[in-house]
Amino acid sequence: MTITCGLGEMMIAALARTIEDGTLVFHGFGSPLIQLAMHVAKRTHAPRMVLVAGATYGIDPDPPFLAPTTNDWVMDRGASSALDIEDLFDLAASGRLGRMFLSGLQIDKWGNCNVTALGYPDIKLKLPGGGGGCNLSCDAAHVTLWTTAHRSPADAKGQRRFRLIEDCDFITNLGHRTRDGRPARELGHRGNGPQWLVTELGLFDFDAEGHMRLKAVYPDTSIQDILENTEFEPKLADNIETIPAPDRSIVQLIRRLDPLAVHQKEIRADDLRRGFVIV
Amino acid sequence: MPTRSRPIYTDPDKRKTLDDLASLVTDGAVVAVGGGLSSREPMALLRAILRRRVTGLTVVGSAHGIDIDLMCAGGALSRSSESYIGFEQDFGQAPNYRRAIESGAVKADDSCCYTLVQQLRAAIQGLPFMPMRSARGTSFPSLHPEYRQMVCPFTGEELLLVPAIEPDVALIHAQYGDARGNLVIQGPPVADLLFAKASRVVLATVEEIVPTQRLGELGGISIPYFYVTAVSEVPMGAHPTACYPFYAYDRPHTALYYEAARKGLDVFSAEYLDVFIHGSPDHADYLARIGGEATRKRLASWSNGPEAWKLLYLDEAMA
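Chains S and F supply the protein sequences, listed in that same order. Per our numbering: the first sequence = residues 5 to 283. Per our numbering: the second sequence = residues 330 to 648.
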């Protein structure tokens, strides 16, 4: 019998691979895939990672299950201590935050993200806002971006709203270039900006210029899928790899950590039907 | 111009009714709402403020949800300077908040968590501004022309200066307090300690007012009394957000709220505001409307262990 995992589990494993052992890592709210990726990393290849939970600021918690919202006492059970809000952001500002995970309703080719508004300064659609993402995009040593809505089919009127877009209407989280084309590295921020982007269609890194570059696709997606669903033309790595499926033990771990399948709320209905063979 | 000196409060008995607290929030005030996301937001106090038809408030804060969304629907806000307003992955975007901003009824002056922290710290320290490195290169400086840049006279680095934020009033719901206004916050304080220190007036609701000597065994005082202007005992005062250890997040009630909000302001007014705010004269009546003791017991059942806790959040529990 073939055993499969879901897209969410594939993405969690891919996101977890971006975490190095021995670093201090933080997740925000509204991001169950990231919460799980950090708990998976901590329990597998990165046992000495300092896991700071978003919203509760608990250190190395061991939650009994993943709660549907982030600021819930479920999520800081077993934490050895907790930070105040200012502590976490001070850690970032002083260069101790190794990695942060950020997303956007628009993500441009330099890794800038917009979570503030579509249309600016004349707002057409208000987005929820980026929390502390703006500050952490500048201060965290490395940033992993993710989105579960890279695919951008035409709506009823035949219009397409790309997630991976030429230019963000508003830059909430800083990528590698500012709006006027200035390289972010000239700004003297602590952080090195986005390093990876994991989407439901593929895995990207950023080239020496800070431009997004396709690195890998899933077993069931193609370079063509990426190009059709990206407003700009991404760079292509010399060898486009295939994102590996997680080991069975990791899939079992994810299911134990998330018995309510909260992470599936991040995944579109069509993508919940995708399956990947695991060993 | 130095920032104004800030008062201290030494009345030995600051106990007031919930409505007395609400009456201290006046039209046009800059308000810091405590708690965050689905936890320990001062919901009963916000409902009392809405019943008084207060208008023109500016809210400042970090990551919030139903509290600010409700204030938008109730017509109390003219400006929102929060860093996030939504229901996370659980329900998604905040419908009343979005409508209020897209219609122009509320001006969106979004901020970011550390920017807010630095602005509150400036107020706490009596300084006009604080510097930071981050946010340069993003679009936030264009949204906030009050920010300035300077070259650091010591290192030559370019820094962003953000001005002090001194809220007129902070609204905080804590687990415990005493008659003098000492407050105990258990679990994540979010920005409440910063709000209490930076604001001119602090209005606190608590689940229980207890004798001062018990505050030590309950975890110790988080906010000393002299910051606090008035306190009111309001059990279930954070509902439908959580106030552990008393009660968990009321997910089914939030689903009911969200479903009404999603259908538009008219439906929300008829199905939610007219039922739970304006049609409900006070907090005791509200508690009866949300299911009284049965609801309290259901939400307190989290403490029976992880299995009971999990049951509160099953999708099937919302049917």
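Hints are computed from structural coordinates only; laboratory data are not their basis. A virtual CB, placed ideally from N, CA and C, is assigned to each residue, including glycine. Hints are supplied without guarantee of correctness; some may be wrong.
As the list claims (entries may be wrong) - Derived contacts from chain S toward chain F, CB cut-off under 10 Å, selection only:
| no. | residue |
| --- | --- |
| 1 | G32 |
| 2 | F69 |
| 3 | T120 |
| 4 | F174 |
| 5 | R181 |
| 6 | A188 |
What the hints assert, rightly or not - 30 Å max Cα-Cα, derived DSSO-like pairs, lysine-lysine:
| no. | chain 1 | residue 1 | chain 2 | residue 2 |
| --- | --- | --- | --- | --- |
| 7 | F | K592 | F | K639 |
| 8 | S | K239 | S | K219 |
| 9 | F | K436 | S | K128 |
| 10 | F | K592 | S | K128 |
Quick rundown of the hints versus the structure:
For G32 of chain S, the shortest C-beta to C-beta distance to chain F is roughly 8 Å, which falls under 10 Å, so the interface hint holds. For the restraint placing F69 of chain S at the interface with chain F, the shortest Cβ-Cβ distance is roughly 5 Å, inside the 10 Å limit, so the hint holds. With a least beta-carbon distance of about 5 Å to chain F, the hint placing T120 of chain S at the interface is held under the 10 Å criterion. Evaluation of the F174 of chain S hint against chain F yields a held restraint, the C-beta minimum of about 5 Å falling below 10 Å.
Interface restraint check for R181 of chain S: the shortest CB-CB distance to chain F comes to about 9 Å, inside 10 Å, so the restraint holds. Among the interface hints, the one on A188 of chain S holds; its C-beta lies about 6 Å from the nearest C-beta in chain F, closer than the 10 Å criterion. As the CA atoms of K592 of chain F and K639 of chain F are separated by approximately 29 Å, the hinted pair is consistent with the 30 Å bound. Among the hinted pairs, K239 of chain S with K219 of chain S is consistent with the structure: their alpha-carbon atoms are about 9 Å apart, no more than 30 Å.
A hinted pair counts as satisfied when its Cα atoms are at most 30 Å apart, and K436 of chain F with K128 of chain S qualifies at roughly 13 Å. Using a Cα cut-off of 30 Å, the hinted pair K592 of chain F and K128 of chain S holds, with the two alpha carbons roughly 19 Å apart.
Hint compliance for this structure: every hint is met.
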